[in-house]
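Engineer: From first to last, the protein sequence lines are chains A and B.
Letter by letter, the first sequence follows residues 564 to 976 in my numbering.
Letter by letter, the second sequence follows residues 564 to 976 in my numbering.
If you're looking for bench data, these hints aren't it; they were derived computationally from the structure.
Do not take every clue at face value.
A pair holds if it fits inside one copy or across any two, identical chains being indistinguishable in the list.
Computed list of lysine to any residue pairs in SDA-like fashion (alpha-carbon distance at most 25 angstroms, straight line) [stated by the list, open to error]: (1) Lys-942 / Leu-837; (2) Lys-846 / Thr-785; (3) Lys-942 / Ala-634; (4) Lys-846 / Asp-608.
Predicted model only: the values in this text are computed from it and were never measured.
2 protein chains.
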Amino acid sequence: MSAGNLRINAERLQCRLQALADIGAIDGGGCCRLALTDDDRRGRDQVVAWMRELGLQVQVDAIGNVFGLRAGLRDLPPVMSGSHIDTVRTGGRFDGNLGVLGALEVVQTLNDAGVQTERPLVVAFFTNEEGARFAPDMLGSLVYAGGLPLAQALEVRAIDGARLGDELVRIGYAGAAPIGVYQPHAFVELHVEQGPVLDAEGITIGAVEDLQGISWQELSITGQSNHAGTTPMRLRHDAGYAAAAVSHFVRGLTRDMGAGQVATVGKIDLHPNLINVIAARAKLTVDLRNTDEALLQQAEARLAEFLETLARDEGVEITSRRLARFEPVCFDAAVVQQIERVTQRLGYPQRRMTSGAGHDAQMLARICPSAMIFVPSTKGISHNPAEHTAEADIAAGGNVLLHTLLELAQQEN
Amino acid sequence: MSAGNLRINAERLQCRLQALADIGAIDGGGCCRLALTDDDRRGRDQVVAWMRELGLQVQVDAIGNVFGLRAGLRDLPPVMSGSHIDTVRTGGRFDGNLGVLGALEVVQTLNDAGVQTERPLVVAFFTNEEGARFAPDMLGSLVYAGGLPLAQALEVRAIDGARLGDELVRIGYAGAAPIGVYQPHAFVELHVEQGPVLDAEGITIGAVEDLQGISWQELSITGQSNHAGTTPMRLRHDAGYAAAAVSHFVRGLTRDMGAGQVATVGKIDLHPNLINVIAARAKLTVDLRNTDEALLQQAEARLAEFLETLARDEGVEITSRRLARFEPVCFDAAVVQQIERVTQRLGYPQRRMTSGAGHDAQMLARICPSAMIFVPSTKGISHNPAEHTAEADIAAGGNVLLHTLLELAQQEN
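This is chain A alone, in the form it adopts within the complex:
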């Protein structure tokens, strides 16, 4: 059997997904394995055991990232693949896990077929990708890529007060390997889309070419509480209306700026929040995302301009607090094209796409050519026990990952 005809064992991959989902299982088929909890430790132990069964050389680094090395024919920088196995509190069974277990399945497929690669392969999982217990999210891969000093990361406190460094020691994952133990030749992450695009369009594979920049603001609006009946419209300073006007404005902004711009006001709190009282205060969040940094800055500027006009027109005070700001990430064009070529050869419907969520691959993109493979999320549901990806789509994603890694691992340069 030539390597070009290799296929992963989809059933075996499903078994591992099921076995990992049983650890920290919650009602509805989902998982709760918050980073560095006992359930996370049990999940880690299981994956490490599988790595060892497959003959991988396991290393754990100082921030708890775990790497399983399959040697190559030559001593070249390895091709790395992986993701994370921590989950949010009401997580699904695919988010992150698929990328780690998919890469493990690739290794086992190569083992079974006796295929040796020129470059080593490394299967990785990174600490605290979700950010549900420790901030920031993607912490392990961020430290790995040099974006956050180790010493600072170890001091991070969990939402439950625990120190990250202490929790690593407690669960036995404060490893001996240095940060950046491998300088990869390339990094590829298989992941569920967590959005509705592939499912809605009936497409199996997304070749992820970029990742949206994120701008998060919290707006605080101060108006004046007054009687909803006795106060003429012209004398109102209605913080509730101003909040609604922001939501209405950003929707219009997305229409003006086209499909690359998304905007969400997901959180609005009014005070006193009563039917017959004009709101004195409002707090709301604005989530702006764009794949183009210049356009994202334009969206921020247009919002700022609108807020000034709104404050003046309504006689309210508006202050803004920045909660997060990440520039967009462009994945490596050559790796993306390689994913496309492989997908075409395998005969799966595909499209290029943008990731609207953050992923470890965006951190690895700082230090090596990187890209991602998306498979559909049914109805786009994610961070929810109902998260689902069809078996055929998982098989397809695994096979695209297999051949993408195989080709990368044969590259001379």
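Go by the hints and put chain B onto chain A.
Structural biologist: Coordinates of chain B only, in the frame set by chain A:
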């Protein structure tokens, strides 16, 4: 001294306002005398004691409304004046109390001057005007005017579970007088504006010619929770945006329909109310008011039409629950003109105006010619310990009430 030159004793009125405010006093200078509580009983006992000191014949009816009669020269239907002494939980010292103690001060002024009127005068205070403990508000005057059967009103449960009829007995105000014990010749209520118009315009007296109709709805919007980054705008069913769009729409509606129409979205609750999640559900309230019933119906119809379009465009489900609906009330043109003539003679700046809040006078308007006299509320602040009306304005209101009642009490028909 001729009756035309009579003036109330403004200092004495201030003393009574202070003494009543001391009962159930709360921080900041306000009052908490929820209807039929022990504090309400102490307030009632005080006012009844003053009525008796002034020689009034006190009657309490079966719903706890209290009446103090000053006999006239002739046995004609009396002229009635009054308001309420119950307060909201964070009430001011003027709302309601001024109308009752102002009428008492009129009686004492007439007593002191030895003025006898043709018609009897009745000073009244009505049970549970605020509706802060029992629903509906204006309950005592509503029962008095025949709008709610006594038996049904006695069964009403408080927010603390107590039965209204039991509470009346408990505080000793389940009276022997039948409902509708007096059929008034006219009713005049002195009240603080509870809105900013008089204060903003520097005007002392408002001759209230009508009272807004009220339409309260609670809207429930069901969309679909999704990732704020990965979900393209065209695939969203954003209940949070839809809620904001309603607030934005009703603001536009008030611009279209002119100053008679006011609209408020004072309460918005999103679910899950998170920065990076498109809201699955929203609940919001819409408060529409107009002095013209046909226009109020037009506003309701235009909102309903907008909600249909919005639901279709956004792919969300919107249901509406009616929380309250009162038709506008027109006060008696002759009584309003009389207030205007008196005010002009006394030399106070005045204007006609609309009440945006509900008052006992709107219930009395069902059974006799009625109108209201408004005095300014500083900055429009109401239902708040900071509620304030300047002493000079209180004196002016008392004098307008005095001469309006005097004239009405001399009328043959």
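Engineer: Which of the numbered hints are not met once you compare them with the structure shown?
Structural biologist: Hints 3 and 4 contradicted; others consistent.
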